[in-house]
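Undergrad: Here are the chains, one letter per residue:
4 protein chains.
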Amino acid sequence: MQPPSGKIEGSRHFYPVRVYFEDTDLSGIAYHANYLKWCERARSDLLRVLGINQRAAFEAGEGVYAVSEAQIKWRRPARLDDELVVETRALDLRAASARMEQRVMRGEELLAQVDIVAAFVTPEGRPRRQPDAWRRLFEQFVTKDEE
Amino acid sequence: MQPPSGKIEGSRHFYPVRVYFEDTDLSGIAYHANYLKWCERARSDLLRVLGINQRAAFEAGEGVYAVSEAQIKWRRPARLDDELVVETRALDLRAASARMEQRVMRGEELLAQVDIVAAFVTPEGRPRRQPDAWRRLFEQFVTKDEE
Amino acid sequence: MQPPSGKIEGSRHFYPVRVYFEDTDLSGIAYHANYLKWCERARSDLLRVLGINQRAAFEAGEGVYAVSEAQIKWRRPARLDDELVVETRALDLRAASARMEQRVMRGEELLAQVDIVAAFVTPEGRPRRQPDAWRRLFEQFVTKDEE
Amino acid sequence: MQPPSGKIEGSRHFYPVRVYFEDTDLSGIAYHANYLKWCERARSDLLRVLGINQRAAFEAGEGVYAVSEAQIKWRRPARLDDELVVETRALDLRAASARMEQRVMRGEELLAQVDIVAAFVTPEGRPRRQPDAWRRLFEQFVTKDEE
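Residue numbers (our numbering), protein chains in the order written: chain A, 1 to 147; chain B, 1 to 147; chain C, 1 to 147; chain D, 1 to 147.
If we strip away everything but chain A, and leave its shape as in the complex, we get (with noise of 0.2 Å):
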């Protein structure tokens, strides 16, 4: 029994997320802050499945992400038991920071887009440059020339 992982195929990532009570407010539908958490949840996903171990850095006092900016487009709304799926690309690596562009889908249709800047920073909360294990994990999956 594994709990959800995603997978990475090309230059994509693709994390699911099935939607909860938590997820909802009473207007019926996904409330719109939990989007920011599906995203984070597969951006974690994806350092994961590039080998990349948050846990221990942030133990051993080398750092941690830090989301700096986010632009979100909610189109459609999310439902209780919505099947959905996070697909994430990376679209610039910097010395201290990555841009990631992120569309949460339920099957064909676009629920919501958001393009997010995650700093690397010391525990005191500073820039920092992102460990160069990671930045050549990493760059393996930055979007080079297509689309």
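Not one of these hints is a red herring.
You can't tell identical chains apart in this list, so a pair holds if it fits in one copy or across any two.
Pairs of lysine to aspartate or glutamate residues, derived as DMTMM-like cross-links and limited to a Cα-Cα distance of at most 20 Å, are as follows:
| hint | residue 1 | residue 2 |
| --- | --- | --- |
| 1 | LYS73 | GLU124 |
| 2 | LYS73 | GLU101 |
| 3 | LYS7 | GLU83 |
| 4 | LYS73 | ASP115 |
| 5 | LYS73 | GLU87 |
| 6 | LYS7 | GLU139 |
| 7 | LYS7 | GLU108 |
| 8 | LYS7 | GLU101 |
Since the hints were made in silico from the structure, they are not lab data.
The hints should help you fit chains B, C and D onto chain A, whose structure is shown.
TA: Just chains B, C and D now, kept in the frame of chain A:
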């Protein structure tokens, strides 16, 4: 690509959970209230596996489950990236409610034990008899003599 | 004993927030998605202060606001026990939506800036003209020429 | 402009809460796990009012409170915009833990009752004697003979 799904073995339902940043607090471990979210995901999954469609019943105005009682013991902390399993057993099935025992496990370690009563209520919040078809489906799962 | 309540001064609404354990994650700072919750509390409070009853409108089947776009910049981290203020200005009022700028402040420090579009939708999720009475109440608050 | 703050009267602490969209789920009422968040806010506020600085203690490596047991009864639902008060009494103060009774009230109506044990633990999660200064501050608040 399937979202997280549990399974029934004998009189137990097993549901996998991974711990994400959203689950932790600054003390470094999972925030206590989030165990209730994991347990609710597991119960919703149990209903789904049994063939019960909670969303259709709610949208048809029939009713919804509401937690009326819980007793929780947190034994050991869960940490980022931990792979957990929520084990659920139904201990008692009444006309309008069900009592369940849930255990949050990390491998062989018991992290938390939750005894919970979920009551079926009308959209206005009044107790209501569970649908007969649901009771029949659920009855098969109720723990009989053992343990 | 009053629950947290904001106030309008000129063309700005101010809403106080304190940071609790639930808001933080293991990196020791407030989890990024929770800023959207604080901003939603502030917008709900703004409507309440203006005399708009969201719950009555929803229960009467008229509709509800749904966030359709957000652009967020997280500048500095918020920490446990911090006393924050969410400042809200309305930048644009359309027939079926409103655009607002929100700033999460700790004293004079800007922690995050959020530009948000909230659309009024029917219970089924389709765009709908905001109630005229609400528009009239809201119009007084929209930032005119200044800044 | 002050963030939400509670107060002590006799042997009770009172803390105000308003119900926001984030607190509700599609059944139209507050999601059950969120009562634990409200109760935690109330306990943190109680410590603050008593003069205990949890954040400083945590940052100094002394320790933090972790909830080890809770018994909860949800009696009536809370709804959007409801103004609630969490009443907290300390029932028992031990070397490394405290037992408290909390009631979530809407005016005279009891919405939920929570009996909770909070244990002081080291940053590594091991039980630890509460700081003496804290115990002295807390002792004044413990309910003696009454009720």
